[in-house]
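S.K.: With the hints as extra help, turn the sequences into a complete structure.
Protein chains: 2
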Amino acid sequence: LETLPEWLRLRPIGTIRTSFREPARTPIQPSRATGAKGQVQIDPAYGDGLKDLAVFERIWLIYWLHRAPPAKLLAVPFLDVLEHGIFATRSPARPNPIGISAVRLLSVDGLTLQVEGVDILDGTPLLDIKPYVSEFDSSLMQRAGWLDRSAVVTDVADDRVAVKGPDEPEAE
Amino acid sequence: LETLPEWLRLRPIGTIRTSFREPARTPIQPSRATGAKGQVQIDPAYGDGLKDLAVFERIWLIYWLHRAPPAKLLAVPFLDVLEHGIFATRSPARPNPIGISAVRLLSVDGLTLQVEGVDILDGTPLLDIKPYVSEFDSSLMQRAGWLDRSAVVTDVADDRVAVKGPDEPEAE
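Line by line, the protein sequences are chains S and H. Heads up: the first sequence runs through residues 413 to 584, numbered per the numbering used here. Heads up: the second sequence runs through residues 413 to 584, numbered per the numbering used here.
Hints are computed from structural coordinates only; laboratory data are not their basis. Each statement offered as a hint is correct.
Covered by chain S, according to a simulated footprint, are these stretches of chain H (three or more residues, beta-carbon under 8 Å):
no. : stretch
1   : 433-446
2   : 476-490
3   : 502-510
4   : 534-542
Cβ pair distances, simulated, as ranges:
no. : chain 1 : residue 1 : chain 2 : residue 2 : range
5   : S       : 519       : H       : 523       : 44 to 50 Å
6   : S       : 421       : H       : 547       : 29 to 35 Å
7   : S       : 494       : H       : 547       : 15 to 21 Å
8   : S       : 469       : H       : 547       : 16 to 22 Å
Don't be surprised by glycine CBs; every beta carbon is placed ideally from N, CA and C.
M.R.: This is the structure in structure tokens:
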């Protein structure tokens, strides 16, 4: 390996608002969150970057998993009972807690996007938005690793990521 | 908006190796990079996180666009002649220079992944790997915004992002 830069810095460009206040029972993926609506509030400094976004049907939200538990390298994902390498799962307990979700874009009104299919916790810092383009992003895979043989059926997260947020009171 | 955290910090988990040394003529997307192979070298500290990854056919690489030009809010993307908001494009000149590419996973050999369909510059710092799961990630959209009416046809980037890297000599 060449020398890697020690730290890279990101700055939130907005905040994602949803009805999911706790990790437990939050949908685990947009495809399991049909009908769940949310709002994306963009910081005014970045408003010009939204030009022409409204004509896309679906967008990627790239965000900071601000309520993720500490990173680990092996995890039991929501859709299995066995442990896998963290990079073979979509678990939030990642070395770099970045989440990606392809959500349906309903409207753009000034600095507010209305979106549907959110599997995202309320208050999540937004890092980037990209248009979803089927040619770039859509692939029908024959094999999906351990998911192919998992018997676990669930649409929502359970308690395993229900860690307290940094600004959450100890007792409530 | 609530108060956003000022800065978030990431640490590279590895490096992406490809044959593309300069932004110009690098494929603009994996779908335009068929056959282009690359290697992902994982930092030994994160090796355990690769367990069971090899059984996935396709993976997301999340990476730092280390050669991106300075961020701007409006950009003319490679596939158009008109300016759009940066969040309505996949242009690298983003406020947070994060790239996502769904690439084909050919093999996992220790800390090295062989991948195909890379649209990524050599030496790119890797931030995360996620399994590509069609149920989560694949959508056939009816509308793809300005792309639907763009007449620009190209598979590779041009000079507009050919800025010098930080450690590149001025004259060569």
